[in-house]
Amino acid sequence: MSANGLEVMALRAGYGGRVILENIALSVANGEWCVLLGPNGCGKTTLLDCVVGRLAPAGGEIRIAGHSLREQAFAAKRQLGYGCAPESLPPLLTARQCLEIHAGAKRLSAVDEEVMQLAEELQFTRYLDAFVDTLSLGTRQKLSVLLALLGDPRLIVLDEAFNGLDPASALIVKRQLRARATGREVAVLLATHALDIVEQYSDRAVLLLDGSLRREWRREEIQALRARGVGFDAAMAEAVTTPAA
Amino acid sequence: MQENSLRPGLRLSPRLWARRLVWRNRWVRASARGRVLTAVTLLAVIGCAALAVSHIGAAWLGRLERHRLLIAVIATGSAAMLVARSRAIERSDARRSWLAALPVRASRARSESLLIACAPAWVMLVSVPLIALVAPRPAISILGGIVVGAVVGYLIPEAQAVDLPPGSRYVPHRRLTPKASKPSLSALGLWPVRRLFASVRPQAVTRAAIPLLLLVPMGSTADGVMLAFGIVAGVAATALLVAAILAVSTAATRWLLPLPLRPGTIAAQVLLRPVVVLLLLAAVMAWLVWVSGLTPRASVERGLLLFVLAAAVAVGGSLAQIKRASRCGS
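Quick note, the sequences are listed as chains A and B, same order. Convert by adding 742 to the 1-based position in the first sequence; the result is the number in this note's numbering. Convert by adding 319 to the 1-based position in the second sequence; the result is the number in this note's numbering.
With a cut-off of at most 16 Å between alpha-carbon atoms, the simulated EDC-like pairs for lysine to aspartate or glutamate come out as follows: (1) B:501 - A:856; (2) B:501 - A:871; (3) B:501 - A:854; (4) B:501 - A:855.
Stretches of chain A that chain B covers, calculated by requiring three or more beta carbons in the stretch to come under 8 Å of a beta carbon on chain B: (5) 786-796; (6) 821-827; (7) 847-855.
FYI, nobody ran anything at the bench for these hints, they're computed from the structure. Given the structure is predicted, the values throughout are model-derived calculations rather than measurements. Beta carbons: idealized from backbone N, C-alpha and C, even for Gly.
Required output: the full structure, derived from the provided sequences and hints.
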């Protein structure tokens with residue numbers, strides 16, 4: 743059996759002398775969609791930055807599809823699809839050039855037909871030859887998602903990818919991620935505050951609080967909560983306010 | 320409760336107090352080394368100004384006794400220009416400020432904006448006592464000029480606001496017919512060149528051209544001015560392109576960190592096209608220098624020197640930036 747899409751072991755990270763994450767252990771299996779939850783400033787983006795190699799951890803180990811991000815960075819990153827924040831996209835390149843650069847970096851022979859098809863569904867095709875700095879927030883977000891899906895990655899990492907997306911486009915992206923997770927055994931790690939994704943699409947949700955993973959909910963637990971008429975927001979609020987054991 | 324009580328200043332003058340708190344927090348957050356450096360720099364500037372006025376400038380200021388009207392006019396003009404600019408910035412900031420929606424009385428808002436917009440005049444006024452120590456009468460002229468200039472600058476009506484369009488508006492861009500996308504990193508080389516065009520906005524070019532155009536009525540010939548314009552434009556384009564290469568090196572590395580790319584590949588792609596553009600700019604500069612009357616050999620030498628200098632800064636700086644940016648991810 744192939745290795746998990748993502749393995750994070752004893753991760754420790756921060757900025758300067760300030761520790762943000764301490765002893766984080768997280769794994770996302772192939773075909774699993776894991777949602778990372780937590781209040782603002784709890785370290786979600788820091789964790790994702792470590793996972794995608796944008797921030798060097800102070801300690802611990804990260805493996806993407808079995809490849810160590812520290813020792814086999816090249817092989818690990820070939821299996822990774824990351825949707826960066828819209829403001830990080832290069833303003834003076836066109837959307838098509840961004841896709842070409844990502845495809846070139848992943849050594850693809852062509853930009854995936856499937857990604858172009860998704861661009862069509864998201865009504866993004868008309869913006870392909872527009873400069874990124876002329877695109878709206880939602881349109882940039884679509885580009886960011888398309889870049890993350892290029893090259894059929896084994897692990898897709900998205901940070902607040904649904905911010906600014908219109909409901910119809912958000913639905914298309916959610917279905918696309920679900921289809922990739924179920925049909926192709928792709929691991930998905932998404933940091934978000936959108937609880938509808940937890941309730942309807944994801945397989946697991948983990949709560950990051952004060953720099954450590956405090957609680958996790960499996961799909962069965964989430965469904966059981968729904969059956970009891972308890973909203974996931976209430977369950978999460980309770981977990982956030984309950985003191986750590 | 321005492322802890323939650325508001326400072327009276329915040330109630331009376333929220334914008335001024337907010338600024339004061341920002342400055343205070345900046346000072347509190349600064350490292351001990353930073354604080355010492357700031358204090359030493361400030362003391363050094365004051366010391367140098369005092370020395371300059373008392374020793375080097377004493378004789379010169381003494382001669383100004385006969386030209387008090389002239390220095391008053393210069394002080395008025397400088398103060399008016401600085402205050403008008405400060406007022407324009409203050410107006411624009413006030414509209415976008417996070418404090419814009421606060422219920423502040425109109426009279427209070429006016430007095431706050433007067434204090435903030437006249438900040439350059441307050442700084443200029445600091446120099447008056449120094450000058451007064453060695454030349455009291457010119458100091459009075461300067462004082463009067465600053466006060467009149469500040470009032471004039473503050474009362475200059477607001478120019479029509481201009482919303483700057485995205486930088487890509489100024490980038491030459493072929494109208495592309497829809498085509499199949501081909502994976503390639505080569506567009507990375509276009510980024511610095513486009514950034515150069517984006518930074519050369521028409522307004523900036525116009526402002527830069529005015530001093531050169533003023534040379535014509537001062538006795539320069541039109542061809543001389545055009546030559547000077549060409550040389551200045553060439554040097555400015557070279558400097559802007561080098562700056563763009565450095566900025567893009569960092570931005571591109573950060574953007575592409577999660578991809579399986581080696582720093583050397585990013586550097587090669589970011590540098591290749593811009594270095595060719597630098598070479599072309601150097602060739603144009605050599606031609607302009609030759610037109611201005613130098614020998615072909617001397618012109619080529621100057622062009623080569625410009626290219627080598629620009630390329631060395633661009634390549635060295637870019638490699639350093641890429642190394643620094645990729646270090647956080649390694």
